[in-house]
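Letter by letter, the chains look like this.
Protein chains: 4
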Amino acid sequence: MATPVYIENFESWQEDFSYFDSISVRFSETDAFGHVNNTVAFIYFEQARINYFYSLGLMDEWVKGPYMIVTGDLQCDYRRQVAFGDKLQVGVKIASIGRTSIDVHYLVKNQKNQICMTGRGRIVQVEKKTGASTPWQNELLGMLEKA
Amino acid sequence: MATPVYIENFESWQEDFSYFDSISVRFSETDAFGHVNNTVAFIYFEQARINYFYSLGLMDEWVKGPYMIVTGDLQCDYRRQVAFGDKLQVGVKIASIGRTSIDVHYLVKNQKNQICMTGRGRIVQVEKKTGASTPWQNELLGMLEKA
Amino acid sequence: MATPVYIENFESWQEDFSYFDSISVRFSETDAFGHVNNTVAFIYFEQARINYFYSLGLMDEWVKGPYMIVTGDLQCDYRRQVAFGDKLQVGVKIASIGRTSIDVHYLVKNQKNQICMTGRGRIVQVEKKTGASTPWQNELLGMLEKA
Amino acid sequence: MATPVYIENFESWQEDFSYFDSISVRFSETDAFGHVNNTVAFIYFEQARINYFYSLGLMDEWVKGPYMIVTGDLQCDYRRQVAFGDKLQVGVKIASIGRTSIDVHYLVKNQKNQICMTGRGRIVQVEKKTGASTPWQNELLGMLEKA
Chain A
1 MATPVYIENF ESWQEDFSYF DSISVRFSET DAFGHVNNTV AFIYFEQARI NYFYSLGLMD
61 EWVKGPYMIV TGDLQCDYRR QVAFGDKLQV GVKIASIGRT SIDVHYLVKN QKNQICMTGR
121 GRIVQVEKKT GASTPWQNEL LGMLEKA
Chain B
1 MATPVYIENF ESWQEDFSYF DSISVRFSET DAFGHVNNTV AFIYFEQARI NYFYSLGLMD
61 EWVKGPYMIV TGDLQCDYRR QVAFGDKLQV GVKIASIGRT SIDVHYLVKN QKNQICMTGR
121 GRIVQVEKKT GASTPWQNEL LGMLEKA
Chain C
1 MATPVYIENF ESWQEDFSYF DSISVRFSET DAFGHVNNTV AFIYFEQARI NYFYSLGLMD
61 EWVKGPYMIV TGDLQCDYRR QVAFGDKLQV GVKIASIGRT SIDVHYLVKN QKNQICMTGR
121 GRIVQVEKKT GASTPWQNEL LGMLEKA
Chain D
1 MATPVYIENF ESWQEDFSYF DSISVRFSET DAFGHVNNTV AFIYFEQARI NYFYSLGLMD
61 EWVKGPYMIV TGDLQCDYRR QVAFGDKLQV GVKIASIGRT SIDVHYLVKN QKNQICMTGR
121 GRIVQVEKKT GASTPWQNEL LGMLEKA
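Residue numbers (UniProt numbering), protein chains in the order written: chain A, 1 to 147; chain B, 1 to 147; chain C, 1 to 147; chain D, 1 to 147.
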């Protein structure tokens, strides 16, 4: 399988993940082909991303403050089927920081340490009232850079 | 199959439905057993119920006013498997009106007019601020009784 | 709140659960009312039920053998809203054993030990080839009675 | 908003869609932010893609024959929030044909003809028995080229 364009060197890309979220496959997430439906990958990405942001103290800012985050784009590359009963580790990392957005990368491994999916997506900070994209405040920028 | 306790006479119960909502099965709603996952029945009930309430002009009251509705309980009896590609008709009716709640009944038929599921659930009106159950206002009661 | 008809004495009913499954709420399981969508309760029931059956060694029989199980009916009583971030314990028990079916009960508690939902449903053993309901084999009956 | 890399010229790209599938938003597909959860975009893509393949007579080949299709990758660009009650038109087209795969593009518009999402993904033909990617048979290739 070709390496996705958002991954320069797979080895170093993979080693760069330090946060992993454990996710159990729900039976209702399988489909009639017998495996986890491909749309569910993005549910796992979201779950791990939110827990990662909580662990960094970022979510509190967005829940309470005048700004929140929205998803600009999302993508997933499928390498191996996930079955009911699989115990997944979903890695999340901030791959790059823009003026008003961050690029978040994802790595999903099963209990045998086999890579099932990789992915990425852009998260944009917007003003709650207007929906306009908004530059990171200095404090937030510091938290993102330390992540 | 035994008739559920909420249905006295199946023939007249079935004839009493006049509102039906058309629902297309999504592939992601199937599971590894090859049919629509049993938890999805309640998604279809909800969809048809909300559209029914909209058609009666009830939803506007709850979206704008000081009261809203919550689900007290829900149940479903499964009679026939639903497959991807099935075109469903989901019937909804108000079976009885209480002081602060209504009992809503459901009937799901496929494109061959075969009954796939029946169900019911209690919907309770509550005050948005406190969550306390609240008697129907006279105007709403009139709308419910005409339904 | 009135006690559901499937619970005779709430105290002893609740004490009778010995198997609990831990479930984390996914953000995608919330809805626009701000809490977990009511249809998701049945996803949690299913997840805990399957894990319970695995822990009893029952699932292997149904995956490999000539018989499988289907859901006859399902119901849920809602007592308290579940929010994103809640860590749930979902209790499952076999409440009674019939000739071809079992009645399974459910209890959902949050991290503060507050009861969020109770429920029940009938699981029926059927022949895979014909779909006909089938009496429990002696070995299975023994496993169910010990559960 | 920047044009995604898979779209050369937005005007001509958009005009090139001739198949559209109507999709109604389910209430359970919203999340606590008040709009349709971003993971649901891929459910809509899948639904429209499968219906498109059925309309072309392709699905029958994959359901009955020795080959089937799997998702290689998927991506979505979000341009506008989707709300409960929105009536969506989901466009699907085959953007390019490879030796063993096709590139499928997506366009989601609401009832006001506003563009909500665009997307693409690679679909790969594999042998059911081995999972190995498999060149398109001549007959299928003809059907894909006419699409």
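Treat the hints with care, since some could be wrong.
Copies of one chain are not kept apart here, so a pair can be met inside one copy or by any two copies together.
Pairs of lysine to aspartate or glutamate residues, derived as DMTMM-like cross-links and limited to a Cα-Cα distance of at most 20 Å, are as follows [said to hold, decoys possible]: (1) Lys-109 to Glu-11; (2) Lys-87 to Asp-21; (3) Lys-109 to Asp-21; (4) Lys-64 to Glu-11; (5) Lys-64 to Asp-86; (6) Lys-109 to Asp-60; (7) Lys-87 to Asp-60.
Since the hints were derived computationally from the structure, they do not count as laboratory data.
Starting from the hint list further up, note which numbers the structure goes against and sort them upward.
4, 6
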